[in-house]
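Protein sequence lines correspond, in order, to chains A and B. Just so we're aligned, residue 18 is where the first sequence starts under our numbering, counting upward by one. Just so we're aligned, residue 8 is where the second sequence starts under our numbering, counting upward by one.
Some hints here could point you the wrong way.
[What the hints assert, rightly or not] Stretch by stretch, here's where chain B covers chain A in the computed footprint (C-beta under 8 angstroms, at least three residues):
#: 1; segment: 64-74
#: 2; segment: 175-181
#: 3; segment: 248-260
#: 4; segment: 375-382
These are computed hints drawn from the structure, not numbers from a lab. Values in this document were obtained by computation on a predicted structure and should not be read as measured data. Glycine residues also receive a C-beta, built at the ideal position from the N, C-alpha and C atoms.
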Amino acid sequence: MTDDIDVAGSEEFSGQKVRLYPVTRIQGRADIEVLFTPQQGVREARFRALESRGIQSLVRGMPALRAPQLLSRICGTCGPFHQLASCMAIEAACGAEVPPEAGSLRQLLCWLLLAASHVMTINFMVLPDFALPMSDAGVKNITGIYMVDQESVGRLTHALTSLEEAMRLLGGGTTRPGAIVPGGVSRLPDEDDIRRCRALVAGCEDDLQETMRLAEMLTRRESRMMETGSPLTGYYMASTTDGRPALIGEEVTAAPFAGGDEVTMDPEGFLASIEERPVPWSYLVPLAVEGLEPALVGPLARVNLGFGEDTPQAALECRRTAEQWEHPLDREYFFLVAIALEAIWGWEKARNLLDGWEDSDAKPSASVQLSETDGFAVIDSPRGLLAHVASMTGGGLIKDYRVLSPLQFNYLLMNSHLSSVAEDTVRGIDISDATAARLQLAVRSFIPCVPCGTH
Amino acid sequence: MYIATAAFSACGGCENSLLSIGEPLVALLSEHTISFSSILVDRRTVSPSDVVLASGCIRNSEETEVAFEIARTSRKIIAVGTCAVYGGVCGLANAGDSLDAAQGSVLPELFATAEPLDSSMAVELYVPGCPPPPNLIFEALKSVVEGYSPLHLNSTVCSDCERAVTRKSAKTIQSHPGPGADDAACLLSAGLLCMGPVTRGGCRAACPSAGVACAGCRGPSDAVLSSQLHSVHSDLVAYISRTSGAREEKVAKQLEPMLRLLYMFTRRDPVTRSRVKERVPGD
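Just need the whole structure built from these sequences, with the hints factored in.
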């Protein structure tokens, strides 16, 4: 462990600090810094994003109709959601009406990706913490789990490959389903595509149910082993329709962890209430929502808002989870059960859309007449709320662009929670492997995606 | 064998594509040792490895240091993804001007340009794509682990595409990636800016199959790379002229406002070396 830690001062902080680098089993490169008081008590712990590609500036001057292709490269996990949000922002700017069939296909692709993304996160990044919490790094990973429980890994990889294959059939890809284009989609699936997708999606049901049982069992064990004195505070927040989470919702709903009334905003009001609070020690710019600070977005936030009856299996699991651990779920270790539950939610939504799919000769996209206007879109992605704001020139080029991503919304809560956990667990500047693992778990519970956050 | 993965400035799509291989990857890794991999294991230091799957481009000072350390301690490096091979979309950067405020002595210094991996290390194999299909990554990894020579892949996206070139081509070319094209017709013939004729194949023409113009994410084809007299632009102009019957000058003028799109993934390295060693099953 000593090789991994630098103890040093810095220009902006004159005391001692310990650096844990890199944070592992997350997307992107980041570290955790623990800053100490002169008495070697914890002053603060913070998660620092160490990379930035500046995609917001790269897209300026690009033909707006091709901007979604570039913006989908913000993130390898939520790429299709960036692609969709970007198309929606451009469509909002020019008043294009997306044909309903195209809207359904977009939703279908997003639900499939939500389920697939969560399955991948569980399998490769989260399970080692819960299944092999005390093991050495050489074992505490996917290969260690494979050696002791080949069946669970096989189940998860089967679900992942089936969901991804369905996405390929419908959208031409998984990370970047090219089918989502400004104005609608590039093509609508035929009867054969839908039949094959139904079979692929139906084949995942048992895998996802068993994964949920495994997540419940491991969470129960974890909650007994790891009683953290640091519950999540602030507000949970998601895109909703009629108060229930929706990937493309009509409003944004927030509620306090401490109990109290829900707050509902329209997307425009939500965007207007966001304030950027840059910090000099990270490439990630935290976002605060006025009056709702700090906020949590993503799976745990959505599960706390509860699912609607159009997805009876997910709604039932959600109620069972709340009965078992009480509502709201405000401990970090609930994130495993939240993403397992959401995988069922996404799968069930996709299945509903496939079951109700009717072959049609409808046009897949509407024409997009570009002009010098602005537009925006607010949607929910696998890791939480996501907003794109586009400004275009009269010649159909991007004049300015702004992306607001889930990790930016979570950043304030994540760092305050990380500091609380560090205060509870760090004893002096000699941080043990177990304590480092505990700090990383606190970070992973927010399912951070650094490329998405810093874009 | 010691296997590692490393990601530099990237979106994470290449790592996800690697993980999408699923059980065959897990089984292979279980037979060997993962020496370091921030996406898979909690080991934090770069340690000697037989093969490293590296994705992303070099965009800041810390990445340069990590790249040198990996180059010093590793036997074979596979550059995975177009950012690692050509600089990728990050290569569109001319400077991190919007990021100056965040730069300071406590953060890695951002470079004005994004560099492909072989600017910092010797690369054994290149697997371009944004992201590359999982089967291509797995094949590259297996070829190193099992010690066989990768085959040379020299097709274009058009060779994998089932759409047919039509004699009556569209008179104008538009930048829209795919507004509901006919299921069977060539997208370029239909007037969409499709990079298929000049782009390396191996992706099974995933985008054109879904009715979307190829954006050229796998980089230039062998024909384009074969001589300095060729380029993505000139070869595409010649192809469109040949198939549509329009004069080359006229086609070139139409493409002028879209030049940026031709080099969306390779702008950092428009005159590329022949980074083409890879194998596709059944090729």
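Handout entry: Coverage criterion applied to the segment 175-181 of chain A (partner chain B; beta-carbon cut 8 angstroms; 3 residues)
Key = holds (count 4)
Exercise for the section: Count residues of the segment 64-74 of chain A with a Cβ under 8 angstroms from any Cβ of chain B, then say if the count reaches three. Expected result: holds (count 9)
Exercise for the section: Apply the coverage criterion to the segment 375-382 of chain A and chain B: a residue qualifies when its Cβ sits closer than 8 angstroms to a Cβ of the chain, and three qualifying residues are needed. Expected result: holds (count 3)
Exercise for the section: Given that the segment 248-260 of chain A was listed as covered by chain B, double-check it with a C-beta distance under 8 angstroms for 3 or more residues. Expected result: It is violated, with 0 qualifying residues against the three required.
The structure is inconsistent with hint 3 alone, although it conforms to all the rest.
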